[in-house]
Structures are given as C-alpha cells and as structure tokens.
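*Asks:* Heads up: the sequence lines are chains G and Z, in that order. First residue of the first sequence? That's 43 in this note's numbering, and the numbers climb one at a time after it. First residue of the second sequence? That's 7 in this note's numbering, and the numbers climb one at a time after it.
Hints are computed from structural coordinates only; laboratory data are not their basis. Any given hint might turn out to be false.
[Unchecked claim] No farther apart than 25 Å at their CA atoms in a straight line, the calculated lysine to aspartate or glutamate pairs in the DMTMM-like style are these: (1) Z:K39 with Z:E122; (2) Z:K34 with G:D75; (3) Z:K39 with G:D236.
All values derive from a computational prediction rather than experimental measurement.
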Amino acid sequence: MKHISQIVFGAVIVACWTSPSFAVGTPVGTSIDNVAQVTFDLGGTTLTQNSNPVSITVEEILDLNLLAQTPQRSVQAGDADQWLLFTLTNTGNGTETFQISSNNVVAGDDFDPVAPAVTIYFDSDSSGDLSPADIAYVPGSNDPNLAADESVDLLAVYDIPPGLPDGSRGVVELSAVAATGSGNPGDVFAGLGDGGIDAVVGASGAAATTPAEYVVGNVQLDLVKSAAVNDQFGGSQPVPGATIVYTVTVTATGTGTAVNSVFRDPIPANTTYVAGSILLNGASLTDTPADDAGEFTPSPAEVVVTLGNLTAASGAQTVQFSVTID
Amino acid sequence: MYRKILFSIITLFGATALSAQQGNLELKTTAAKQEVVVDDEGNQTTRLIPVNTAVPGDEIVYTVTFSNISTESAENVRVTNPIPSQMAFIPGTAFGPGTDVSYSVDGGETFGAPEELTIADPEAGTRIATAEDYTHIRWTLKTPLDAGAQGFARYRARLR
C-alpha cells in the first residue's frame, strides 16, 4: 500500500483558504415597486383601495475585495519567480473592469523583492501557484472584467535578491481599482454604471491594496512515516476490516522558519478514514475545519493539519490518524 | 416670480391627485432617504429626501399617507404594505400614530404580533419568525378615521 504524505509550507493549501462569502447586492437596474393597500368599512360596506406605485431603480455599486491567499511565503535568498497568490472579487452589483498593479518598495520591511519582466499573472490553470499555463497580466490589455460576485486569482511574482540573512522580510503590495472610478464611499459617477445608470462608490472605496510577504530561510522539513496494522482478530494482518494507524513526524532542520506549514495526507485508495482519529503530538483534533489545527476533508479524502511556523527549535511534530481497509 | 411658484405647486398637486386612486380614502406611498444636514453652527437636522434610485445597503424610508376624502367616517381601517423582496425590513421601525402594527409571514394571508409568528423549519420543527421572514406589514387604526381626517404609516428597510 504505497502512500505518500505531503507537507506544504509557505503556501496555504486549498483546504485552508479563507473564502469569505460576500453577499452581493441586488443587481444593478432592478426596479423595486411598492404599492400599499387600505381596507376599511364605509356605510356598512368593506372597501379596498391601492396607493400609487412607488418605484426605486437599483444603481451600480462599485466594490471589490482583494484577499492575500498567501499572506506569507518562505523563500531562499537568490530564488527567482517566487509567487504570492491573491484573489480579487467583484463585490459590487454590476459588471466591472479592474486595473491591477503591484509595488515592491514598501516601507518597514528588510528588502525589496526584485521585479522580473512580468510581475503579475492570472492563475489561469487554477493551480494556486505559478505554472507555464498562467497568462501574464498586461495593464490596459487584459484587465479582468468580472460579473457581480465573480473572482479571479492573481499571482504577484518577484525574484529574491541573493545574500540575504535568514528571517529577512520583503513585502509586496497588490492593488486593484475599479476602472469606472474610485474614491470615497458615496461618490457618484453619473451615467457611468451598467446600462448608463449612475455608479456609486461602495464601502471599499472601489480600490484596495493588500500586502503579502516573502520570508527568507534556509529551512527544510523532513517527514518520516510509519504504519501499524491491527486486525480485528488481535493480530497485525492487513486484511479487510483491519485498522492501519499512520504516524508521521515532521521535523524542521536548517536555519530560518517554515511559515504557514500545512501537513496534508490523502487517504489511500481502498481504505476508509476512521472518523475523529487525528492526533497532533498525542492530542486529539476534530475532523471539523477551523475549530482547531486538524481537519478531515471528505472530497478528496484527505487529512489536513495546520502546523504553523516551524523552526529547528520547534522539535518533531507527530501527526497520527487511522484508516480501515475496505 | 411668485406666480411661477404658485403655478408649479398647483401642477404638482394636480399630478398627485390624478395619480392617486379615485375613491373614498386617498392613499399615497413615498420612498425617501434620511439625510442629516449640519448647518454652519453645527446644528443637525434630519430630513427625508424622496428618491427613485438606491444602491445595495441604502436605508429607505417608506411612508404611506392616508386621508378620508369621503363625507363619512371610515371604520376598521387597516393599511397593508408588502415588503419588496429586495428589501430587508429593519426590526422595530414600523410605526404609525394611533395604529397597532402587525406582521405577516405567509404572503399577507394572516397577521400577528412578532411573538405570535412562527416559521415551519424542516430541521428545528417550528421557530419564532424574525424580521427577515416578514412579507407584509399591517397598520390597524385603533379608532375610526373621520371624514377629512388623515394619518400616516411608516417603516424602514435596507436594500439587499
């Protein structure tokens, strides 16, 4: 039963992504009609009358959210083409084009990441990282045009200068702005909304700038995995119905910090995960996401444990879980 | 100058009278936004500005005015307003002088006080209705509306 565990660090994996739900407003152009009714008795007869209709037309609201999916990423000095993943969501109620830019000179960090020829890509293949299929963003040429509530994943890509000490931080800011206009909430762009209606700047100001950072460290994570079989007859035969307890130790070696380390282990084919069996350093974790470091995702079947920032001083982290053979 | 203003007021009044339904009670609905005006001395005044556009998140004040234009007293007067589906009623804002306010959660079939209204929930059985569940608001006048008398009913809702 071949079985490979995986550790991801410097990347927050899909299962752990925060995906806030934005209640997108009533669509632009909607007409909201209201008619009141009165019922009364007059001279022994019951009568009913309607009021005039009052109508409100919904204007376009310009709003966006720009989320750093990779708020922090471990890199090594001299690495080229290191990506940071962001998600841009149109939280307005109409279709809007957004202009994107990035900034590598940010006050308060230790180094400025170096801009390669292209610094912003679309995550065209939805891989969550930079891959050959990803399309370069060219301002004014392929600005993302998003329907209400639609999102696009963007990658900011920079090189890390050589010779940096461990622990150095380099911040990159990604910015997005609504092409129709931005400014203070409530500002009106007359006639520039969808269908020629007024567009109104929403709570975000129709612009956002979100930072994310690279952290230099020459750190490695080593994984050692073992399996123990307990069959239902008191022995250790891997027969259908037997339980396999997997034990994986994760150890950081070298210098620096492996930030946002996430342990993920797919449940092997022909086995079934034993509910509630995740242990981290001997302590039980629930299968439910977000309530503690552990999580079991049913589809794809996977054990996910958030280990956070690990250094050589953290010592070995031991993850255990059990499956039964189908 | 004065003549011009007088003329425009008459025109406006004429249009309103025409748009209202013919009958014994005249009923008129308006939609407005509340605006806070601060003068040079820092005094705050709130006023209602009629609107015909809004953006999601805006709070709209709906006002229904009614007047008895017949020569008889009207009894059992009740004003009913459906809450538009795109609007979220703001709890506690339904108000009308001399009226009892009740709500419907079944599309205006039946009305009751908030604590009397329940929703059938597939999981929890029944639960007390919340403002989100209200489909209609009703204002019931406590006393007859005499000939020539008028009143109003009002509520606030937020554009979803």
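*Asks:* Quick check: which numbered hints come out false for this structure?
*Replies:* Going through the list in order, the structure violates hint 1 alone and respects the others.
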